[in-house]
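Modelling step: build the complete structure from the supplied sequences, incorporating the hints.
So the protein sequences, as listed, match chains A and B.
In this text, residue positions in the first sequence follow our numbering: the first is 5, and each later residue adds one.
In this text, residue positions in the second sequence follow our numbering: the first is -16, and each later residue adds one.
Simulated from the structure, these hints should not be mistaken for laboratory data.
Please read these numbers as outputs of a predicted model, since none were measured by experiment.
Note that beta-carbon positions come from the ideal geometry of N, C-alpha and C, so glycine has one too.
Heads up, some of the hints might be wrong.
[To be verified] On the chain A side, residues computed to face chain B include the following (Cβ under 8 Å): (1) Leu211; (2) Val222; (3) Phe223; (4) Leu274; (5) Tyr278; (6) Ala285.
[Said to hold, decoys possible] Label pairs and their calculated CB-CB ranges: (7) A:Ala375 x B:Ser(-14): 56 to 66 Å; (8) B:Trp7 x A:Arg26: 44 to 54 Å; (9) B:Val1 x A:Met201: 23 to 33 Å; (10) A:Gln358 x B:Arg(-11): 51 to 61 Å; (11) A:Arg42 x B:Leu(-7): 21 to 31 Å.
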Amino acid sequence: MHWINWVIVVVYLAVVIIDGLRRTRGTKDIEGYFLAGRTLPWWAVGLSVMATQISAVTLIGTTGQGATDGMRFVQFYFGLPIAMVLLGVTIVPFLHKAKVYTAYEFLERRFDPRTRSLTSLLFLLSRGMSCGTIIAAPGVVLSAIFGWDLIWCVLLIGLPTVIYTVLGGVEAVAWADVKQMVVIVGALLAIVVVLVMRLPVPLDDALRVAGSTGRLRVFDFSFSLTETYTFWSGILGGTFLMLSYFGTDQSQVQRYLAARSVDEARSSLLMSAYWKIPLQALILLIGVLVFLFYTFSPAPLLYNPRHDAQLREKQPAEYAMLESRYTAALSARDQAARDAAASSAPGALENFTQQNASVESVRKEALDAAAKATGESSRDVNYIIPRLVLDHLPLGFAGIFLAAVLAAAMSSIAAELNSLSTASVVDFYQRWYRPNAGSTELLNAGKIATALWGVFACVVALYAATLGSLIEVVNRFGSFFYGSILGVFMLAMIKRSSALGAFVGLLTGMAAVAAVSFGAPQVSFLWYNVIGAVVVVVVGYLLSLVTPATKPREI
Amino acid sequence: MSSQFRSTLLRVLIIQVVALILLWLLQSRYTA
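Pasting the structure below:
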């Protein structure tokens, strides 16, 4: 990579760390460190929430998904605005008025310490692990692209994040998120402009070509429990997933607990409701533009350069044969695409889809050969956009893109580390070990916990690299517990609910999700949240009818 | 629910409907 690109990356990292150091002034006590003294404006909280959700997986994985699978993934987010509105009128005012530090602390006030500790523990387990995968996703890609050891890539992402999160607390995290969001959106828009300018045919004709492969099909109205990306799984399963994530996951709850008032907390959530679907559609559309770019110019046989080199070295004859077939197929597809763009005859588009199928068939053979030669998963969706940026975009773009990938990764990791530390200190250290600890002791414990979680996440990242499809992995970790924890919060809103009902309901909900996951693995993970939440509410409520109701109390 | 929250809700609803209509138009124009 050119030195100018590296300068951009270094400047970005320096700004984030220096800003983190400046924010240490606001972290004199525990409320300042964990909740920024509840003084953040709604727009900063809103941008922080959005930046947290856009991880590096979103930036490199979702664009890759757009390039290979098209726009239908956007249906996954259809439930988000509904969830945000529901949360704005239910959980947000409850939690904000309760003046709690963690969402789980509220459950002790409503039910008992068991439910609080179990839900907090589940959060720590699932988020601790997923934090590792959030670092691993870009780490693996950077490692393969630049040929560095994975450990250096993990440290490049993890170390600056740990430094500013430990020193600056939630205030540094939130303000860094605001800047990171600007970097991310700026980089995305710049890539769109360059890709559109590089098309050799008018955009309208190019999109018609992409549309013939089904990549611009957004809506799928079929109802299927096994298909993840349909309108109905997005609306129903997606709403429950987003309710669970934004309503009960400490990494999100902590953002709006830091807002100045209930109204500002609500407004910050509604900012995500406004922009999430358009932003995800833009990211997927970039993927479609990348597909078009590689339709009109030579595409790599394997996007992962490490696998490409290994296959070339271990199976030179097979590689040469595949490469020659691939070059011929690409050339035929390029011509077919230009013909289809120039002509409105249906035969031209049909010819293009056939040539595109030939290219994909040779690619599949190459991916299978690479999997055999390397002994690893050869799925290379996450490498498509980084290869394009490094190989084809003008000077400076690679630096901006790498800064955006780091920004996306860091904003997500920082929120996780901060919330993991808050839950560890408030729900366990202070609750069970040092109930009379002073503010300074808790502040120091918070900083130590943040650093320890950072080390843990980096270690997990080194092993998570072999886990396969990273987007699915990140989503799956949460899905096992999310729905059930949401069910407990829903029970908390029902007056008749008892502590025993909530605790037993929670255990039953998780057991039900585990039973579905192992007994019917074909059921899409989006439905786990619906199943978990419904089972907890039904079992918890029925049990509450035969046990004394628990009245909310102060701790 | 404050009137400010209600009007924000309305704006959210409008933007989502517009986004969905645009996505629908994109699909109908370019997908056979």
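Cross-check of the supplied hints:
Hint status for Leu211 (chain A): holds, given a least beta-carbon distance of 5 Å to chain B, under 8 Å. Hint status for Val222 (chain A) relative to chain B: holds, with the closest Cβ pair at about 5 Å, below 8 Å. About 6 Å separates the beta-carbon of Phe223 (chain A) from the nearest beta-carbon of chain B, less than 8 Å, and the hint is met. Annotation: Leu274 (chain A) was flagged as interfacial toward chain B, and the flag holds, the nearest CB pair being 5 Å apart, inside 8 Å.
About 6 Å separates the beta-carbon of Tyr278 (chain A) from the nearest beta-carbon of chain B, less than 8 Å, and the hint is met. The criterion of a C-beta within 8 Å of any C-beta in chain B is met by Ala285 (chain A), whose closest approach is roughly 6 Å, and the hint holds. For Ala375 (chain A) and Ser(-14) (chain B), the Cβ-Cβ distance of about 59 Å falls inside the hinted range of 56 to 66 Å, so the restraint holds. At about 46 Å, the beta-carbon gap between Trp7 (chain B) and Arg26 (chain A) stays in the expected band of 44 to 54 Å.
Between Val1 (chain B) and Met201 (chain A) the Cβ separation comes to about 27 Å, which falls inside the hinted range of 23 to 33 Å. Remark: the range hint 51 to 61 Å for Gln358 (chain A) to Arg(-11) (chain B) is upheld by a beta-carbon distance near 54 Å. Evaluation of the 21 to 31 Å hint for Arg42 (chain A) and Leu(-7) (chain B) yields a pass: the beta carbon distance comes to about 28 Å.
Violated hints are absent here; each numbered hint is respected by the structure.
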